[in-house]
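Novice: Read off the chains here:
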Amino acid sequence: MATLKPISTLLLFFLLLSTSAAKPGKRVRAHKPCKKLVFYFHDIIYNGKNAKNATSAIVGAPAWGNRTILAGKNHFGNMVVLDDPITLDNDLHSTPVGRAQGFYLYDKKDIFTAWLGFSFVFNSSKHKGSINFAGADPLMNKTRDISVLGGTSNFFMARGIATLMTDAFEGEVYFRLRAEINLYECW
Amino acid sequence: MATLKPISTLLLFFLLLSTSAAKPGKRVRAHKPCKKLVFYFHDIIYNGKNAKNATSAIVGAPAWGNRTILAGKNHFGNMVVLDDPITLDNDLHSTPVGRAQGFYLYDKKDIFTAWLGFSFVFNSSKHKGSINFAGADPLMNKTRDISVLGGTSNFFMARGIATLMTDAFEGEVYFRLRAEINLYECW
Amino acid sequence: MATLKPISTLLLFFLLLSTSAAKPGKRVRAHKPCKKLVFYFHDIIYNGKNAKNATSAIVGAPAWGNRTILAGKNHFGNMVVLDDPITLDNDLHSTPVGRAQGFYLYDKKDIFTAWLGFSFVFNSSKHKGSINFAGADPLMNKTRDISVLGGTSNFFMARGIATLMTDAFEGEVYFRLRAEINLYECW
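Residue numbers (this note's numbering), protein chains in the order written: chain C, 1 to 187; chain H, 1 to 187; chain Z, 1 to 187.
Just chain C, with the same shape it has in the complex:
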């Protein structure tokens, strides 16, 4: 019987493991990312004069605003559609590895905050496919976390968190965001 003892211990170990695996609702998961990526994207908003260089445009505005100039009250109610180049470093003129496409909207009267729904659509030798994001962007905070909802191709079914940081801005025409993407579900 002595030889069976370690086996019983192992069985108990499996029992605990398996039981926890069978109740995903209560599982405490590992907080270590399975993939980490850093990109920059560059937004040049159309202001009536920069049609050639603009990468985004106002498409929605509150009653007190218009679609050429961002509205008062911290741009509350302005919705912007974007097609921003994604680069590996913070240089607007670096070769883009893809485009950030979708929209953001300003959603607070007192301070600058935004809500984002967009994708990184990659098109480079290193990255194919897309990553989809959504979440609140309280842009006065140094860093802001949004959700990685899913992805396709290289990023098939991915989930995680993207931490955004305003890397630079010039008046109300240009801003550059640094996005650190941490995936916690990789397939």
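Hints may be right or wrong, so weigh each one.
Stated by the list, open to error - Once the Cα atoms are required to be at most 30 Å apart in a straight line, the calculated DSS-like pairs of lysine-lysine come out as:
1) K35(C) - K32(Z)
2) K128(C) - K35(Z)
3) K32(C) - K126(C)
4) K36(H) - K52(Z)
5) K73(H) - K52(Z)
To be clear, the hints were calculated from the coordinates, so they are not data collected in a lab.
Given the coordinates of chain C, work out where chains H and Z should sit on it, guided by the hints.
Specialist: Chains H and Z in isolation, oriented as in the chain C frame:
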């Protein structure tokens, strides 16, 4: 050999469990929430006269509408940006624990239905972080289920279902929603 | 001792399995769908003359556009709200099994690309509940993958990929999309 029999039974049990765990695609998961939360949020839509109290504003409208008054045909095509206070009870004047930020749009001509993309952004001693939501809101139904897409900080990587209920409404200016959030994936 | 040998082998097998299950971050998951569905949906955009038949309407436009005609520059900045019938085959006149509700927006000046946020809201004897989608739709590609973010009722907590294909289009008024939905997380 008799003493080995229960072990074999256990092994069979583990075999079944482990096999199912190894094929996540076919797994039938537990439907019991790992976290349950109830909040209320309050929407006061801008109507040209209530700039001071309004928490939301029309920013998109169909060709037959404008951005001060919700359009005919059940507001089809109206898009509204919101920054609504979240409270623990159904009193608009309770201390908010955060803000519901994002947008909703009306998307049917025959009856009232909406589509929501927004976040709960918490800022209280009890709750930090955000929860991100999206989904259809057929608001003539007593309860409506939308998806919890993800979350940050206290709600890191959360997934689940939010059940919305119209708790009160006053004409087309104020409504209050009760949101019961059931998380089925907690990290 | 000879009889214990196969048990030890089994234990090793469980050990490997259980260990991998305990580190979800590093798990390589099965790429085989747990559910596969094919639907068609039909979009008739309002153009000022087709109020009766239209299923969608322009609600946002860039400064150079309006809300009756899709804008120049590949409709960049046009946002469209939809309530499109979903059918099981490619016939617009088949009995709908539900509605595709939400929005899309055109987000590139050089070519046609879109970003989608919408739900399939089912209402048939076979399908109840909703499926929520978001993602980039580079619609010049034959097939495009977007994310299944979640679902309710029959599609409770579902995740997966929807592959869209333009099945037909007539000028800028009608298009029909085929959506093949592959779920990789079923509850």
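Novice: Indicate, hint by hint, whether the structure satisfies it.
Specialist: Hints, one by one, checked against the model:
no. : hint             : result
1   : K35(C) - K32(Z)  : 22 Å, holds
2   : K128(C) - K35(Z) : 25 Å, holds
3   : K32(C) - K126(C) : 23 Å, holds
4   : K36(H) - K52(Z)  : 44 Å, violated
5   : K73(H) - K52(Z)  : 12 Å, holds
Checked against the numbered hints above, the structure breaks only hint 4 and satisfies the rest.
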